[in-house]
Amino acid sequence: SFSDWKAHKHQKEEKYNKVILHIVFWETEKDNESKILAKNSRVIPTVILSKFLTNSIHNIWQEIIDNPSKEFRLPCFEQNVNIPQIKKIDYLETIGLKRLNYRTSRIKQRLEELTDEGYEIKKKPVWEKILFEFICEALGFSKNKSQFLKMARLIPLNKITKENYGLEDLDAIIYGAAGLLYNLNNGDLYIDKIKSLKEKHFQNLGIESMDKAEWNFFRLRPQNFPTRRLAYASGVLAEIINNNLFKEIILSFEDDNAIKRISSLFLGIEISDYWKFHYNFGKSTPKINNSIGVERVKDIIINVIFPFALLYSVSFENTVLRNNIKNFYLTSKSSGRNEITRIMESQLRVKARTTAVQQGLIHLHNFSCVKGKCDECLIGSSVFVNEDKIDYLQIILY
Numbered sequence: 001s002f003s004d005w006k007a008h009k010h011q012k013e014e015k016y017n018k019v020i021l022h023i024v025f026w027e028t029e030k031d032n033e034s035k036i037l038a039k040n041s042r043v044i045p046t047v048i049l050s051k052f053l054t055n056s057i058h059n060i061w062q063e064i065i066d067n068p069s070k071e072f073r074l075p076c077f078e079q080n081v082n083i084p085q086i087k088k089i090d091y092l093e094t095i096g097l098k099r100l101n102y103r104t105s106r107i108k109q110r111l112e113e114l115t116d117e118g119y120e121i122k123k124k125p126v127w128e129k130i131l132f133e134f135i136c137e138a139l140g141f142s143k144n145k146s147q148f149l150k151m152a153r154l155i156p157l158n159k160i161t162k163e164n165y166g167l168e169d170l171d172a173i174i175y176g177a178a179g180l181l182y183n184l185n186n187g188d189l190y191i192d193k194i195k196s197l198k199e200k201h202f203q204n205l206g207i208e209s210m211d212k213a214e215w216n217f218f219r220l221r222p223q224n225f226p227t228r229r230l231a232y233a234s235g236v237l238a239e240i241i242n243n244n245l246f247k248e249i250i251l252s253f254e255d256d257n258a259i260k261r262i263s264s265l266f267l268g269i270e271i272s273d274y275w276k277f278h279y280n281f282g283k284s285t286p287k288i289n290n291s292i293g294v295e296r297v298k299d300i301i302i303n304v305i306f307p308f309a310l311l312y313s314v315s316f317e318n319t320v321l322r323n324n325i326k327n328f329y330l331t332s333k334s335s336g337r338n339e340i341t342r343i344m345e346s347q348l349r350v351k352a353r354t355t356a357v358q359q360g361l362i363h364l365h366n367f368s369c370v371k372g373k374c375d376e377c378l379i380g381s382s383v384f385v386n387e388d389k390i391d392y393l394q395i396i397l398y
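Mapping the sequence shown onto our numbering, position 202 (from 1) lands on 202, and the numbers just tick up by one.
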């Protein structure tokens, strides 16, 4: 409602100074006496949608349930039942490999940027830096992805690897670069210590800080707060510089149980004791047993480790490693389903039992189905072979 702005304390956060219009559904009696203000005291105009409804929301929702629109379906939904299952699965595997190459090309672009900055492609530091950056990006989920990547790129990993840093040293560097130690006054021993370490290390390393207002906490579960995820990023950094995480990942692909071995590496990463009992600075919580979930580790393996290792194998012309990576990608069990994969499985009448097929569904959805490129899809072109015009999906599915 209108009053949620104050309930969520948006008027105290600088990031909301950029808001130009506040849109809410309901209005309460007290809202008539209120104004929406940004932190800089600017009045933000508000639109209340309920005033413009021609029917009650209950009746509108019931009508949607009773009369589902055909536009919720893929264009080929009615006809793709005639396409053999094996043909669909083979095609989705091919698209899944295309998605793997797509992600690999993005990492390759970053590799080229770093080599232009003076890093050497044949030496370990550039690979460790890329690994850290893209793992951090994956830790950001959807709301803090760019922030995590920005933070990771501020870390001079080539300098840090020369030092004998412990977890609290790395916490100071990570949280300092994230800008989250600015104006932090709590009196907590841990906070005081990492603030002191931050001043010492920043002077030696020449690190810049982000603005703490860049980070999103709103509508996140405490376990997924960026403060918690940054603690894990610090643990990842410790494993990279102290325990050869990069080397361990590459060697894992020589093992028949590569995925299990890599999962164990990430599930076993230690974080500072403070973050085992806190979700934010000064905000305690009962002990959290896992610093990261199994599904998040699977996502990191699929979206970061597979393309990263594939790029490494290609760069060093290691055919055996490249074949192993692709084989694991094609045969490993798929991760948990999301809205896209659930809908695509239902609409195409397939089951994504492997990583490659599941990733193929996502890639097909993002680059073909919702863009009306049925003619570029093997399934779509088979179904609509005799039709002049293809009506594509016109609304968001979820």
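Keep in mind that the hints are not guaranteed to be accurate.
[Unchecked claim] Derived DSSO-like pairs (lysine-lysine); straight-line CA-CA distance at most 27 Å: (1) Lys143 with Lys162; (2) Lys247 with Lys162; (3) Lys108 with Lys98; (4) Lys371 with Lys145; (5) Lys51 with Lys9; (6) Lys276 with Lys195; (7) Lys88 with Lys371; (8) Lys145 with Lys159; (9) Lys260 with Lys298; (10) Lys88 with Lys283; (11) Lys143 with Lys124; (12) Lys35 with Lys51; (13) Lys145 with Lys212; (14) Lys124 with Lys283; (15) Lys283 with Lys143; (16) Lys15 with Lys283; (17) Lys276 with Lys287.
If you are wondering where the hints come from, they were derived from the structure by calculation, not from laboratory data.
These numbers were taken from a predicted model, which means no experiment stands behind them.
For each hint, the structure was consulted:
A distance of roughly 33 Å separates the Cα atoms of Lys143 and Lys162; the hinted pair therefore is violated under the 27 Å criterion. Taking the CA atoms of Lys247 and Lys162, the gap is near 17 Å; set against the 27 Å cutoff, the hint holds. For a cut-off of 27 Å, the pair hint linking Lys108 to Lys98 stands: about 15 Å separates their Cα positions. Under the criterion of a C-alpha separation no larger than 27 Å, the hint pairing Lys371 with Lys145 is consistent with the structure, at around 24 Å.
Restraint check: the Cα-Cα separation between Lys51 and Lys9 comes to about 25 Å, which is no more than 27 Å; the hinted pair holds. Simply put, Lys276 and Lys195 have alpha-carbon atoms about 19 Å apart, close enough for the 27 Å limit, and the pair holds. Distance hint between Lys88 and Lys371 is fulfilled; the C-alpha atoms sit about 20 Å from each other, no more than 27 Å. For the proposed pair Lys145 and Lys159, the alpha carbon gap of about 24 Å is at most 27 Å, so the pair holds.
With a C-alpha separation of about 10 Å, the suggested pairing of Lys260 with Lys298 holds against the 27 Å cut-off. At roughly 50 Å between alpha-carbon atoms, Lys88 and Lys283 are farther apart than 27 Å, so this suggested pair is violated. With a C-alpha separation of about 31 Å, the suggested pairing of Lys143 with Lys124 is violated against the 27 Å cut-off. With a CA separation close to 18 Å, the supplied pair Lys35 and Lys51 stays within the 27 Å bound.
Our distance criterion of 27 Å between C-alpha atoms is met by Lys145 and Lys212, whose separation comes to about 15 Å. A distance of roughly 38 Å separates the Cα atoms of Lys124 and Lys283; the hinted pair therefore is violated under the 27 Å criterion. Our distance criterion of 27 Å between C-alpha atoms is met by Lys283 and Lys143, whose separation comes to about 21 Å. About 22 Å separates the Cα atoms of Lys15 and Lys283, which keeps this hinted pair within 27 Å; it holds.
Simply put, Lys276 and Lys287 have alpha-carbon atoms about 6 Å apart, close enough for the 27 Å limit, and the pair holds.
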